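Starting from the given sequences, assemble the full structure and let the hints guide the process.
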Amino acid sequence: MNRYCVVAALATLLLTGCGQDKPVSTEPATTGCPSADANGVVAITDGLTATITSRGYGRAAVAGDYADVHTTLWLYDENAAGGRGTEIWASGGDRPFQFQLNAGQVIQGWDLGVACMLIGETRELKIAPELGYGARGKPPVPANATLLFEIELVNLTSPEETG
Numbered sequence: 001m002n003r004y005c006v007v008a009a010l011a012t013l014l015l016t017g018c019g020q021d022k023p024v025s026t027e028p029a030t031t032g033c034p035s036a037d038a039n040g041v042v043a044i045t046d047g048l049t050a051t052i053t054s055r056g057y058g059r060a061a062v063a064g065d066y067a068d069v070h071t072t073l074w075l076y077d078e079n080a081a082g083g084r085g086t087e088i089w090a091s092g093g094d095r096p097f098q099f100q101l102n103a104g105q106v107i108q109g110w111d112l113g114v115a116c117m118l119i120g121e122t123r124e125l126k127i128a129p130e131l132g133y134g135a136r137g138k139p140p141v142p143a144n145a146t147l148l149f150e151i152e153l154v155n156l157t158s159p160e161e162t163g
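Using this note's numbering, read the sequence shown as starting at 1 and increasing by one per residue.
Simulated from the structure, these hints should not be mistaken for lab results. Every value quoted in this text rests on a predicted model; they were computed, and no experiment measured them. Wrong hints could be hidden among the right ones.
For each label pair, taking beta carbons as the anchor points, the in silico distance ranges come out as [said to hold, decoys possible]:
1) P142 <-> R59: 34 to 42 Å
2) N79 <-> E161: 42 to 50 Å
3) G120 <-> A43: 31 to 39 Å
4) G58 <-> E78: 30 to 38 Å
By construction, the Cβ of each residue, glycine as well, lies at the ideal position given by its N, Cα and C atoms.
Structure representation (structure tokens):
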């Protein structure tokens with residue numbers, strides 16, 4: 001099995017939501033995206049902190065879009081530099097990880113945290129267990145783990161562009 005297949009399989013395993021069945025909204029959300037404060041922090045919801053570390057351009061990601069991202073996942077550790085504890089996974093390479101936004105393909109923290117991102121934007125998402133893998137965990141992610149993701153949105157494709 002080549003390296004790409006291994007990475008793709010691991011990405012699917014780690015990022016697939018646990019039994020989340022969410023309808024895909026096809027309505028464009030051109031407004032309603034929260035603004036970042038002076039420190040780049042975006043208020044999204046309880047249990048999810050998003051910090052913009054690199055600004056993007058173009059339109060905002062909306063439900064139904066196919067998002068291509070590069071990402072790294074760490075277990076959050078308040079005693080580690082930047083909260084970056086054990087590194088669990090990184091997409092790396094030339095091929096980004098792709099998922100459809102708000103289709104239940106990834107954990108809820110991703111659906112909420114990637115919405116409104118701009119192409120080229122990088123965010124750090126700190127995701128509480130209830131928006132991640134919860135009390136069950138998902139090996140190698142332990143139960144009740146707070147997750148820290150660095151996500152770069154490299155491309156957006158609307159459903160209309162794919163079909």
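Looking only at beta-carbon atoms, does the pair G58, E78 fall within the given range of 30 to 38 Å? holds (35 Å)
42 to 50 Å as the expected CB spacing between E161 and N79, which holds or is violated: holds (44 Å)
Regarding G120 and A43, is the given constraint of 31 to 39 Å on their beta-carbon distance met? violated (22 Å)
Assessment of proposed distance window 34 to 42 Å (beta carbons of P142, R59): holds (37 Å)
Taken one by one, the earlier hints fail for this structure only at number 3.
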